[in-house]
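Visitor: Kindly produce the complete structure, drawing on both the sequences and the hints.
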Amino acid sequence: MTTSVVTPPASGHQPGAGGRGTPAAHVARRKKLFWPFVAPTLVLYGLFLVVPTLATVVLSFSNWRGAGDTPQFTGFTQYAQMFSDDGFQNAFVNTLIYITLGGVGTFVLAFLFTMVLRDMRGNKMVRAILFFPNIVAPVALGMFFGVVYRYQPNRQGLANYLLESVGLSAVKFLEADSVTWVVLGSIIWASAGFYITILMAAVDRIPPYLYEDASIAGASPWQKFRNITLPLTWDVVGIAGVLWTINAIKIFELVFVMAGSGTYAPPIHTWTLGIFVFDRSFGGTPAYGAACACAVVMIVLVSVFVVALRRLLRRDAIQF
Amino acid sequence: MRSIYGGRRGTSALVLTAAVSLVLAGCGSGSDNAGGGSGNAPAGDDGKLVGEQEFMNAPCPEPAVKPTQKEFTYWSMWTKDEPQGRVLQKAFKCFEEKAGVKVNVQWFGRKFLTQNVAPALNTDTVPDLIDQDISQVKAAVVDVGGTQAVDDVLAMKIGEGDKTVKDVIPSFLYDIPQSKDKDGKLFSVPYEVLSNGWWYDKNRQKDFVEPKTTDELFAALDKAKAAGGAIAQDGDIDFYNAYFLTQIAEKYVGAGGIQKAVDDRTGNLWRSEPGFLKAAQYVERLAKGKYFIDGWDASKFPQVQQRWADGEAAFLFVGSWGPSETREYLGKQGGGATIDYGSFQFPKPEDATHDTIEFLPIGWSVTKKAKNAEAAKAFIAYFTNKDLARGIPAVADNLHPRAELPVPDDLKQLNTALTDSKKEKVIFMDSIDSLYEGTYVKNVFYPLNNDLLKGKITAQQFIDQIGPKTAEFWTNRG
Numbered sequence: 004m005t006t007s008v009v010t011p012p013a014s015g016h017q018p019g020a021g022g023r024g025t026p027a028a029h030v031a032r033r034k035k036l037f038w039p040f041v042a043p044t045l046v047l048y049g050l051f052l053v054v055p056t057l058a059t060v061v062l063s064f065s066n067w068r069g070a071g072d073t074p075q076f077t078g079f080t081q082y083a084q085m086f087s088d089d090g091f092q093n094a095f096v097n098t099l100i101y102i103t104l105g106g107v108g109t110f111v112l113a114f115l116f117t118m119v120l121r122d123m124r125g126n127k128m129v130r131a132i133l134f135f136p137n138i139v140a141p142v143a144l145g146m147f148f149g150v151v152y153r154y155q156p157n158r159q160g161l162a163n164y165l166l167e168s169v170g171l172s173a174v175k176f177l178e179a180d181s182v183t184w185v186v187l188g189s190i191i192w193a194s195a196g197f198y199i200t201i202l203m204a205a206v207d208r209i210p211p212y213l214y215e216d217a218s219i220a221g222a223s224p225w226q227k228f229r230n231i232t233l234p235l236t237w238d239v240v241g242i243a244g245v246l247w248t249i250n251a252i253k254i255f256e257l258v259f260v261m262a263g264s265g266t267y268a269p270p271i272h273t274w275t276l277g278i279f280v281f282d283r284s285f286g287g288t289p290a291y292g293a294a295c296a297c298a299v300v301m302i303v304l305v306s307v308f309v310v311a312l313r314r315l316l317r318r319d320a321i322q323f
Numbered sequence: 147m148r149s150i151y152g153g154r155r156g157t158s159a160l161v162l163t164a165a166v167s168l169v170l171a172g173c174g175s176g177s178d179n180a181g182g183g184s185g186n187a188p189a190g191d192d193g194k195l196v197g198e199q200e201f202m203n204a205p206c207p208e209p210a211v212k213p214t215q216k217e218f219t220y221w222s223m224w225t226k227d228e229p230q231g232r233v234l235q236k237a238f239k240c241f242e243e244k245a246g247v248k249v250n251v252q253w254f255g256r257k258f259l260t261q262n263v264a265p266a267l268n269t270d271t272v273p274d275l276i277d278q279d280i281s282q283v284k285a286a287v288v289d290v291g292g293t294q295a296v297d298d299v300l301a302m303k304i305g306e307g308d309k310t311v312k313d314v315i316p317s318f319l320y321d322i323p324q325s326k327d328k329d330g331k332l333f334s335v336p337y338e339v340l341s342n343g344w345w346y347d348k349n350r351q352k353d354f355v356e357p358k359t360t361d362e363l364f365a366a367l368d369k370a371k372a373a374g375g376a377i378a379q380d381g382d383i384d385f386y387n388a389y390f391l392t393q394i395a396e397k398y399v400g401a402g403g404i405q406k407a408v409d410d411r412t413g414n415l416w417r418s419e420p421g422f423l424k425a426a427q428y429v430e431r432l433a434k435g436k437y438f439i440d441g442w443d444a445s446k447f448p449q450v451q452q453r454w455a456d457g458e459a460a461f462l463f464v465g466s467w468g469p470s471e472t473r474e475y476l477g478k479q480g481g482g483a484t485i486d487y488g489s490f491q492f493p494k495p496e497d498a499t500h501d502t503i504e505f506l507p508i509g510w511s512v513t514k515k516a517k518n519a520e521a522a523k524a525f526i527a528y529f530t531n532k533d534l535a536r537g538i539p540a541v542a543d544n545l546h547p548r549a550e551l552p553v554p555d556d557l558k559q560l561n562t563a564l565t566d567s568k569k570e571k572v573i574f575m576d577s578i579d580s581l582y583e584g585t586y587v588k589n590v591f592y593p594l595n596n597d598l599l600k601g602k603i604t605a606q607q608f609i610d611q612i613g614p615k616t617a618e619f620w621t622n623r624g
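Listed in order, the protein sequences are those of chains E and W. The first sequence begins at 4 in the working numbering and counts up by one. The second sequence begins at 147 in the working numbering and counts up by one.
Incorrect hints may appear among the rest.
What the hints assert, rightly or not - In silico negatives: residues of chain E with every beta carbon more than 12 Å from chain W:
| id | residue |
| --- | --- |
| 1 | Arg32 |
| 2 | Ile100 |
| 3 | Met118 |
| 4 | Val182 |
| 5 | Pro210 |
| 6 | Leu213 |
| 7 | Glu256 |
| 8 | Arg318 |
Unchecked claim - For lysine-lysine, the following DSSO-like pairs were computed, each having C-alpha atoms within a straight-line distance of at most 27 Å:
| id | chain 1 | residue 1 | chain 2 | residue 2 |
| --- | --- | --- | --- | --- |
| 9 | W | Lys569 | W | Lys257 |
| 10 | E | Lys175 | W | Lys371 |
| 11 | E | Lys175 | W | Lys326 |
| 12 | W | Lys494 | E | Lys175 |
| 13 | W | Lys326 | W | Lys406 |
| 14 | W | Lys216 | W | Lys194 |
| 15 | E | Lys175 | W | Lys216 |
| 16 | W | Lys569 | W | Lys326 |
| 17 | E | Lys253 | W | Lys257 |
| 18 | W | Lys600 | E | Lys175 |
| 19 | W | Lys434 | W | Lys514 |
| 20 | W | Lys602 | W | Lys216 |
As the list claims (entries may be wrong) - To give an idea of the chain W side of the interface with chain E (calculated C-beta under 7 Å), a few residues:
| id | residue |
| --- | --- |
| 21 | Ala285 |
| 22 | Gly441 |
| 23 | Lys446 |
| 24 | Phe447 |
| 25 | Gln559 |
| 26 | Glu583 |
Hints were generated in silico from the structure; no laboratory data involved. Note that this is a predicted model, so its numbers are computed, not measured. Where is the CB? At the ideal position from N, CA and C, for every residue including glycine.
Guide: Okay, structure coming up:
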């Protein structure tokens, strides 16, 4: 944003327009201001993002524990140990599950709401309500779900109370074997509102006459979605997909709180990559080298997913 | 949750405020004051448990060691308002008053070793004094060379005549490999000790006879199950689930026996030592007998522990913090419900050879880069004085290494068992959870133990699987 304001305009600059054949004085002034404005950004960005990222990569090849010891470079040892570690393997698979199945679930839910909300009266209020889970800290959400999914005969949580009230048996939602899927459902529930808001903002840009025309032609809601909504919001869907990927790859708090006691790391079969990094950093024995190696894998993973997603969703923009 | 080991959650740590202090004040006991020494304490010499106000208002003892340094920095595992925090504030006030040493405190809470101390070791801004249980200190700070020897503290006088630290702290609490660094130097001087056991409510089980054999234990469990519920167990905490197997295995293989099996790179020791299978068979019996109350494996801590406090189960197996946590819960619930705590140890199986009890010391450590080590060490000795040390049982409702100090009624049985010289002392879980960055228990032991305790695998399957998994662990580790 800064550069677009202070850099000389690439087009639209007309030599001589008010400059009598030489660049206008204000343009020269702008040029002078370019670096003073950009340099602090670059310095801060470099200092707090680029350098730490590079340091993370470098330290991932060391056995540094991060507690006053000197890093010793051990080549790919950290990576070799990490890839054979059950905790990492589970974390990797679970993270992929959250990205893919979570993404599919979230977007299906978001699209369904988009189809319904467009024609609905008071949809702005519904949108706001659906957004609510996003203003609650994930840790608090996790604790809330712990109460909702409580399993205790004669004192069930909300979910089991509802099940029992319709004559069904109570379910052990938080049992170790199934908790990953319960967390997945909870994440979809908590995330959908955010993506509904983004998609609905894009849907609001679509001229209503397109839908009116489709209605006159007898199009079903699905046909309207398939032939109007989706093509005309495709660029936004792509961005939303990238946002989801970045958010999903760092899923941490909700799993930590729901799958475990909340104080200690949950069982390794529920881990995500974020939990693996946390465990190696603060889990009891500092092992920053291993944590850095996992962080590098996360960077690579998010890069691969984002590039793949951008390629997959690349379409010519439709002007309307 | 284990109050210190691994870090009790903050909420449960904020226990025992005024209400509890009043309860404790009323828990005066006529227990014999076996120690005492020649300290100049005006209160507590009669062996009675003092209340918090009495403790706080008592005159400060004179320090025997007055350092030349006039301040030191302490980073704490406690928070300022929890009982241990309040006890320490009194001690710091006294130390400043009597020795002229100001203590600069940062109250961090349980996770401070990895989140604060370890990162600080990369700098020159380090605390002089830290504390935590020895397993955590060793894993997070000692193994990277972050502490200095505190052996010299043992010889320091504590302000009770000629008594030294060594005279009043039992050696089994510090003269152990787990309290030594790689050079064999002591890195921790204990000031609180944890233990564990079966807890039950004497009010609810008036005719209960504490079991002396495993058969009697299972008979009691059968009876309790028939009456509505036998064991309450918060199944979402892996190391709580590990108590059962490690407790019984230690009785077969003794202190250090489980560590040996973990360290055996072939994994064969798990099979060749028959005690492990026998221990696993007891756990299988617990699982197959369905003694755990419904929902124990799908709960959030501390729901199941609270169900025990509500009377849904007869027994709860946790550490010495069990009474304080459940009492806090009942207090918040209102209604005036109380528990008359009784405790007993896992009976030793007839064919087992080690009469064990688990413990875990919490102690003081001095960092290697400490600028005021002299003052910090002098304070360690000062806090061992009985007039300050008694705050741990009296105010914080926990056990102090000085077993002669009066303890709350809740902990008397546990204190008796822990100080029984005939019992073999073993660190919690034989300290395997602090080995190899905790990766062995997380990757190998906990998953299989959980399956065993939940009845998904048999004892034999446990043994068949843990050996190869151990060997695989070592292969991957290189």
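Visitor: Hint by hint, note whether the structure agrees.
Guide: Against the structure, the hints come out as follows:
1. Arg32: holds, 45 Å
2. Ile100: The claim stands: E/Ile100 keeps its Cβ more than 12 Å from every Cβ of chain W (closest is about 19 Å).
3. Met118: Holds, since 36 Å exceeds 12 Å.
4. Val182: violated, 9 Å
5. Pro210: E/Pro210 clear of chain W: closest Cβ-Cβ about 50 Å, beyond 12 Å.
6. Leu213: holds, 50 Å
7. Glu256: holds, 15 Å
8. Arg318: E/Arg318 is indeed farther than 12 Å from all Cβ atoms of chain W, at 45 Å.
9. W/Lys569 - W/Lys257: violated, 32 Å
10. E/Lys175 - W/Lys371: holds, 21 Å
11. E/Lys175 - W/Lys326: Since the Cα atoms of E/Lys175 and W/Lys326 sit roughly 44 Å apart, the hinted pair is violated (cutoff 27 Å).
12. W/Lys494 - E/Lys175: With a Cα-Cα distance of about 34 Å, the restraint between W/Lys494 and E/Lys175 is violated, given a limit of 27 Å.
13. W/Lys326 - W/Lys406: holds, 18 Å
14. W/Lys216 - W/Lys194: Measuring from Cα to Cα gives roughly 35 Å; hence the hint is violated.
15. E/Lys175 - W/Lys216: Judged against 27 Å, a Cα distance of about 58 Å means the pair is violated.
16. W/Lys569 - W/Lys326: With a Cα-Cα distance of about 22 Å, the restraint between W/Lys569 and W/Lys326 holds, given a limit of 27 Å.
17. E/Lys253 - W/Lys257: Roughly 22 Å separates the two Cα atoms, so the pair holds.
18. W/Lys600 - E/Lys175: Holds - the C-alpha atoms of E/Lys175 and W/Lys600 are around 14 Å apart, at most 27 Å.
19. W/Lys434 - W/Lys514: violated, 50 Å
20. W/Lys602 - W/Lys216: It is violated: about 60 Å lies between the C-alpha atoms, which goes past 27 Å.
21. Ala285: holds, 4 Å
22. Gly441: holds, 5 Å
23. Lys446: It holds, given that the least Cβ distance between W/Lys446 and chain E is near 4 Å, below 7 Å.
24. Phe447: At about 4 Å, which falls below the 7 Å cut-off, the nearest Cβ of chain E leaves the hint on W/Phe447 intact, so it holds.
25. Gln559: Interface hint status for W/Gln559: violated (27 Å vs cutoff 7 Å).
26. Glu583: holds, 4 Å
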